Amino acid sequence: MALESATLAVAARSAEPASPEASEKQCEAVIDGDIQRLRTLNEPPQPFLKCPHTVFTLAKIATENLRQDDWLAFRDLARPEDRAELNNMRLEFFIGLAPNQLQVKPVLRGIELLLDDGATPMRDGKYAWGEVGRLLQVLGNGRVTPEDSAQVAHIFLDRLLDKAPAEQTANLSTLWSGIVDLPEPQRGDALQRLKAKFGQFTPHRDAWQRDPGVSYPLRSADIAVAIRKRAPIGVVRTLLDLREPAPPEMAVWDDAIHAGRLDILETLIQRGYALPMQRHATGVWTSPLMSSAQVAIKGDTRALEMLIGMSPQPLIPDEVNQRMKTVLFQALDTIPEAQLRHINDQLNAMSPSSRVADVTARDPRGYSLLVRAAAYGDLPLTKSLLDAGADPNAKSPAGFTALAYARCYGHPEVAQLLLQKSPTAQADGCPR
Numbered sequence: 009m010a011l012e013s014a015t016l017a018v019a020a021r022s023a024e025p026a027s028p029e030a031s032e033k034q035c036e037a038v039i040d041g042d043i044q045r046l047r048t049l050n051e052p053p054q055p056f057l058k059c060p061h062t063v064f065t066l067a068k069i070a071t072e073n074l075r076q077d078d079w080l081a082f083r084d085l086a087r088p089e090d091r092a093e094l095n096n097m098r099l100e101f102f103i104g105l106a107p108n109q110l111q112v113k114p115v116l117r118g119i120e121l122l123l124d125d126g127a128t129p130m131r132d133g134k135y136a137w138g139e140v141g142r143l144l145q146v147l148g149n150g151r152v153t154p155e156d157s158a159q160v161a162h163i164f165l166d167r168l169l170d171k172a173p174a175e176q177t178a179n180l181s182t183l184w185s186g187i188v189d190l191p192e193p194q195r196g197d198a199l200q201r202l203k204a205k206f207g208q209f210t211p212h213r214d215a216w217q218r219d220p221g222v223s224y225p226l227r228s229a230d231i232a233v234a235i236r237k238r239a240p241i242g243v244v245r246t247l248l249d250l251r252e253p254a255p256p257e258m259a260v261w262d263d264a265i266h267a268g269r270l271d272i273l274e275t276l277i278q279r280g281y282a283l284p285m286q287r288h289a290t291g292v293w294t295s296p297l298m299s300s301a302q303v304a305i306k307g308d309t310r311a312l313e314m315l316i317g318m319s320p321q322p323l324i325p326d327e328v329n330q331r332m333k334t335v336l337f338q339a340l341d342t343i344p345e346a347q348l349r350h351i352n353d354q355l356n357a358m359s360p361s362s363r364v365a366d367v368t369a370r371d372p373r374g375y376s377l378l379v380r381a382a383a384y385g386d387l388p389l390t391k392s393l394l395d396a397g398a399d400p401n402a403k404s405p406a407g408f409t410a411l412a413y414a415r416c417y418g419h420p421e422v423a424q425l426l427l428q429k430s431p432t433a434q435a436d437g438c439p440r
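In terms of this note's numbering, the sequence shown is residues 9 to 440.
To be clear, the hints were calculated from the coordinates, so they are not data collected in a lab. It is possible that part of the hints are untrue.
[As the list claims (entries may be wrong)] Okay, the calculated beta carbon distance ranges per label pair:
| # | residue 1 | residue 2 | range |
| --- | --- | --- | --- |
| 1 | Asp271 | His212 | 23 to 31 angstroms |
| 2 | Ile277 | Asp77 | 20 to 28 angstroms |
| 3 | Ile277 | Asn73 | 53 to 61 angstroms |
| 4 | Gly41 | Gly242 | 22 to 30 angstroms |
| 5 | Thr368 | His266 | 36 to 44 angstroms |
| 6 | Gly317 | Asp395 | 27 to 35 angstroms |
| 7 | Gly150 | Asp77 | 40 to 48 angstroms |
| 8 | Arg87 | Pro28 | 23 to 31 angstroms |
| 9 | Gly196 | Leu121 | 48 to 56 angstroms |
[Unchecked claim] DSS-like cross-link-like pairs, simulated, lysine-lysine; straight-line CA separation at most 25 angstroms:
| # | residue 1 | residue 2 |
| --- | --- | --- |
| 10 | Lys68 | Lys113 |
| 11 | Lys58 | Lys113 |
| 12 | Lys134 | Lys237 |
| 13 | Lys113 | Lys171 |
| 14 | Lys33 | Lys68 |
| 15 | Lys205 | Lys171 |
| 16 | Lys403 | Lys391 |
As the structure is a computational prediction, the values presented were derived from the model and not from experiment. No residue lacks a Cβ here, since even glycine has one placed at the ideal position from N, Cα and C.
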C-alpha cells in the first residue's frame with residue numbers, strides 16, 4: 009500500500025500545472041530552440057498553456073518552429089497523455105507545408121514517422137478530410153518526382169484512407185483533384201477503395217427520387233475537376249458512377265463543351281441525364297445550350313447538334329430560345345444557312361409555348377410533350393398538359409410513362425401531380 013500511495017503521489021505531482029516561472033522558462037527554451045536547457049528544468053513541458061507575452065501555446069510554438077530532432081525530443085519530454093495531441097498538431101503542420109516544399113521528401117518522411125506513432129488528422133473532434141486533400145495537393149506540384157508521387161499515394165491509400173472511419177457525414181470534396189493527379193494504377197485503386205468504404209451511405213434510387221437534395225459522401229465526386237485536368241474518359245465514367253443516383257452538375261456539361269470533350273458529352277447523353285437549366289434570381293437563365301452556342305459561333309457546331317438531338321428532346325424557356333438565336337445570329341458567316349435553319353427549327357420545337365396547343369404532339373424521336381415536361385421537372389407545363397387532356401399513362405418510345413421520368417429524374421412534385429391525376433399510373437424501372 010505504501011508503494012502504491014507513493015506512486016499515486018508522484019503521478020499527482022507530475023500532473024500539477026507548472027509554476028508561472030517554470031512555464032516562462034520552458035517557453036524561452038523552446039523559442040530559442042534550446043532543448044538541452046528545457047531538459048535541465050526537470051519538469052515535463054506544459055504544452056497547452058499559453059506562453060507569457062504571446063497568444064500562442066507552447067505546443068504551437070514547438071510545432072511550428074522546432075527542427076524535427078528537437079521537436080521529437082520536446083514531444084518525448086512531455087507527459088504521455090499529451091503525446092497523441094502533439095503528434096496530431098505536428099501532422100497537421102507537416103501536411104500544410106508539404107504542397108509548397110521544393111524538397112518534399114523530408115516532410116513526407118516526417119509524416120510517415122508521425123503516422124507510425126499513431127497520429128491521425130483530426131479537426132474539431134472529426135477526421136480531417138480537408139487535411140488529407142491538402143496532402144494530395146503535393147501531386148499537383150510540377151516539381152514532384154515519380155518517387156514522391158508513389159510515396160504520397162502510399163500514405164494516402166494505406167495510411168490515411170484505409171484507417172479512416174466510414175462516416176455518413178464525411179466531406180470528401182477536397183480529395184478529388186488530388187485523386188485525379190494520382191498515377192495509375194493507384195488512381196483506380198483509390199476510387200475503388202472510396203466506393204468500398206463510403207458506398208454504404210449512398211441512397212437507393214427511390215430514396216433519392218423522394219429527396220433529390222439528399223447528402224452522401226460520394227455525391228461530392230468532382231467530374232468537373234477531372235475534365236479540367238484532362239482525365240481519361242474511364243476516370244470520368246467512374247466518377248459519374250460514384251455520384252449516382254445524383255446527376256452531374258451543370259458545370260460538368262459546360263466544361264465538357266468548352267474543352268471539346270465530346271466523348272464526355274456523349275456519355276452524359278447516353279446515360280440519360282436531363283439537360284440542366286437554371287434560372288437565377290436576376291431572371292437570367294443558364295444552360296449548357298448557351299455554352300454550345302458560344303462554341304458554335306466559332307465554327308464547331310458538334311456539341312450544339314448533340315444537345316438538340318437528345319431524347320427526349322429538351323424543353324427550354326422562351327428566354328433561352330431567344331438568347332440562343334441572338335448568339336447564333338453572330339454565326340451567319342460561319343455556319344451554313346441550311347444548318348442554321350435546322351437549328352432554328354429545333355429550338356422552336358424545344359420551346360414549350362409553341363407546342364402546348366397540341367397535347368398529342370411528339371418530338372422527332374416520338375417523345376410526347378408530357379413526357380418531356382416530366383423529365384425536365386416543368387410543373388406548370390405538366391399541369392397545363394394534364395388539364396388539356398394529355399394521357400398520363402401514355403408511354404415513350406422507350407416504354408416508360410411520364411411518371412417514371414418524373415421519379416427517375418428527381419422531380420417529386422411533378423410525380424405527385426401525375427399520381428393525383430392518375431392514381432393507377434405505373435412507373436416500373438428507370439429510362440436509362
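A quick look at each hint next to the structure:
{"no.": "1", "hint": "Asp271 x His212: 23 to 31 angstroms", "result": "holds, 29 angstroms"}
{"no.": "2", "hint": "Ile277 x Asp77: 20 to 28 angstroms", "result": "violated, 59 angstroms"}
{"no.": "3", "hint": "Ile277 x Asn73: 53 to 61 angstroms", "result": "holds, 56 angstroms"}
{"no.": "4", "hint": "Gly41 x Gly242: 22 to 30 angstroms", "result": "violated, 51 angstroms"}
{"no.": "5", "hint": "Thr368 x His266: 36 to 44 angstroms", "result": "holds, 38 angstroms"}
{"no.": "6", "hint": "Gly317 x Asp395: 27 to 35 angstroms", "result": "holds, 30 angstroms"}
{"no.": "7", "hint": "Gly150 x Asp77: 40 to 48 angstroms", "result": "violated, 30 angstroms"}
{"no.": "8", "hint": "Arg87 x Pro28: 23 to 31 angstroms", "result": "violated, 19 angstroms"}
{"no.": "9", "hint": "Gly196 x Leu121: 48 to 56 angstroms", "result": "violated, 29 angstroms"}
{"no.": "10", "hint": "Lys68 x Lys113", "result": "holds, 23 angstroms"}
{"no.": "11", "hint": "Lys58 x Lys113", "result": "violated, 32 angstroms"}
{"no.": "12", "hint": "Lys134 x Lys237", "result": "violated, 30 angstroms"}
{"no.": "13", "hint": "Lys113 x Lys171", "result": "holds, 23 angstroms"}
{"no.": "14", "hint": "Lys33 x Lys68", "result": "holds, 16 angstroms"}
{"no.": "15", "hint": "Lys205 x Lys171", "result": "holds, 10 angstroms"}
{"no.": "16", "hint": "Lys403 x Lys391", "result": "holds, 18 angstroms"}
Hints 2, 4, 7, 8, 9, 11, 12 from the earlier list are contradicted by this structure; the remaining hints agree with it.
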